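J.: From first to last, the protein sequence lines stand for chains A and B.
Numbering-wise, the working numbering comes out as the position in the first sequence, counting from 1, plus 417.
Numbering-wise, the working numbering comes out as the position in the second sequence, counting from 1, plus 136.
Please note that the accuracy of each hint is not assured.
[To be verified] Where chain A lies over chain B, by a calculated footprint (3+ residues, C-beta under 8 Å):
1) 157-164
2) 290-298
[Unchecked claim] Straight-line alpha carbon distances no greater than 30 Å define the calculated BS3-like cross-link-like pairs of lysine-lysine that follow:
3) B:Lys288 x A:Lys489
4) A:Lys546 x A:Lys447
5) B:Lys374 x A:Lys546
Think of the hints as simulated: they come from the structure by calculation, not from any bench.
Remember, predicted model here, so these are calculated numbers, not experimental data.
Cβ coordinates follow ideal geometry from the N, Cα and C atoms, glycine included.
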Amino acid sequence: MSDPFIKLHDVYKSFHDTPVLRGVSVDIAKGEVICIIGPSGSGKSTILRCINALTPVDQGFIQVGSIQVTSKNLDMVALCHCVGMVFQQYNLFPHRTVLQNVSMAPIQVLKQNKAEVTERARALLDKVKLGHRANAYPGELSGGQQQRVAIARALCMQPQAILFDEVTAALDPEMVGEVLTVIKQIANEGMTCVVVTHEMGFAREVADRIYFTDGGLIVESGPPDEFFANPADERTRSFLSKVL
Amino acid sequence: MKFFRALHERGGINLTIFYDPFDMSRFIHGLYLTVVLFLICAVASVLLGLFAVAFLTLPYRVPRAIVRGYVAFFRNTPPLVQIYFFYFGLGALVPTSRNAYGLPVAMVNNFDWALIALSLYAGAFNVEIFRAGIEAIHHSIVEAATALGYSKAATFLHVMVPLAWRISLPALSNNLIELLKTTTLAYAIGVPELLYVSNQIWSDNINTFAMMNVLMVVYLLLVGVVAIAMHRWERVLKLPGFGAAR
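My request is simple: use the sequences and hints to build the entire structure.
T.: Written out as structure tokens, the structure reads:
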């Protein structure tokens, strides 16, 4: 990999003396889909949150495209234009309709033309099969529907990469599929995706590479077939034996 | 008018405000002052509360300390003492000009002082009401705004205020009702609001009991209007899936 799109180098992060990341380095190429798996508290979500600067790092270097995330004068708008995020709890704005949720940030933050953004937002809602709920409020939708709106909201910013933070963990089993289908579709269209997930089958199916984290370190990484068939590290084997 | 005159002469219930033009006009003017005092103080105290709570969300120590000091001062002292403090204390320091007859006229009159004191008093409570609203918003919603590129100020304006406002409305209604009732304290510095003019009227006509009843009914209706309006507003702003299930 000559020129990674997302680059983390030796990233350290502690919360109140509890180390969460202890020297994490990851290189992600443009268009690559990577899944990060690992036990709770191993730092998976923190890696994502460091990439889009929701969590400031203690030490290390992060770059996304030409944006230095760890730089002091980070342009947050440029970064958010470049990297979108989808959360475990959807985090839609309850006081805005579905359509407004999807279109408000491009209009208010990126200052794009309202009519164009609205048109794009409608197209994205159609894409996640929620065009008919454009005027509903998030509270009127099921969890799976809300999560698909959240994905459309991330896409409407026209990002070059999307971070998915355990996006199916709060969903009923029957809704997991509809959300994963949307993510699969986006991944197949060439979007750079960083997916933190507990869905091993999904990871195996869509990921170009799988990273396994434990204790704030990346223990092991590799293409899914290799990773699931012959995990090299003892911790990976023990984790996989529990979840597979 | 004839009816109320007859009610006085035959029934012994003397409601001068309904047949005596002078009393009627004083009473209406008092009612008008009470409503104006309330409306201006309500708007001012809400704006004050919003600005102050915005300072509280900033990561700077000094503005936060100023807001906390303000809240402590106005919450920990009686409103009547505050009105006296402003009118007799600070009022003495304000320069006076002279009117056409050469008499001294205060630059800030008693009505202005009542406006200032009551706005600051109600505003202090509004700060705490809005703070509760802000703190009830789950931080993950704020995080979502940050991840979409919203600045702190834009997040406050577009996400936190609309949500906190809805959470705060019931408590805000309480405080505004309290404010409406507290306007009667302006009586103490001679603002001719409803209670003041009623006192004048019952002193002139010795119809204390009748006027007391009038006062009670008028305040009951005034507060009723505020309570109903605020409740309507709550219902209009109600969001599906946000707040109490119904």
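J.: Hint by hint, note whether the structure agrees.
T.: Verification of the hints:
1. With 0 residues having a beta carbon nearer than 8 Å to a beta carbon of chain A, the stretch 157-164 of chain B misses the requirement of three or more and the stated coverage is violated.
2. Restraint check on the stretch 290-298 of chain B versus chain A: 4 residues with Cβ-Cβ distances below 8 Å, three needed, restraint holds.
3. With a CA separation close to 17 Å, the supplied pair lysine 288 (chain B) and lysine 489 (chain A) stays within the 30 Å bound.
4. For the given pair, lysine 546 (chain A) sits about 27 Å from lysine 447 (chain A) by alpha-carbon distance, which is consistent with the 30 Å threshold.
5. The hinted pair formed by lysine 374 (chain B) and lysine 546 (chain A) meets the criterion: a straight-line CA distance of about 27 Å does not exceed 30 Å.
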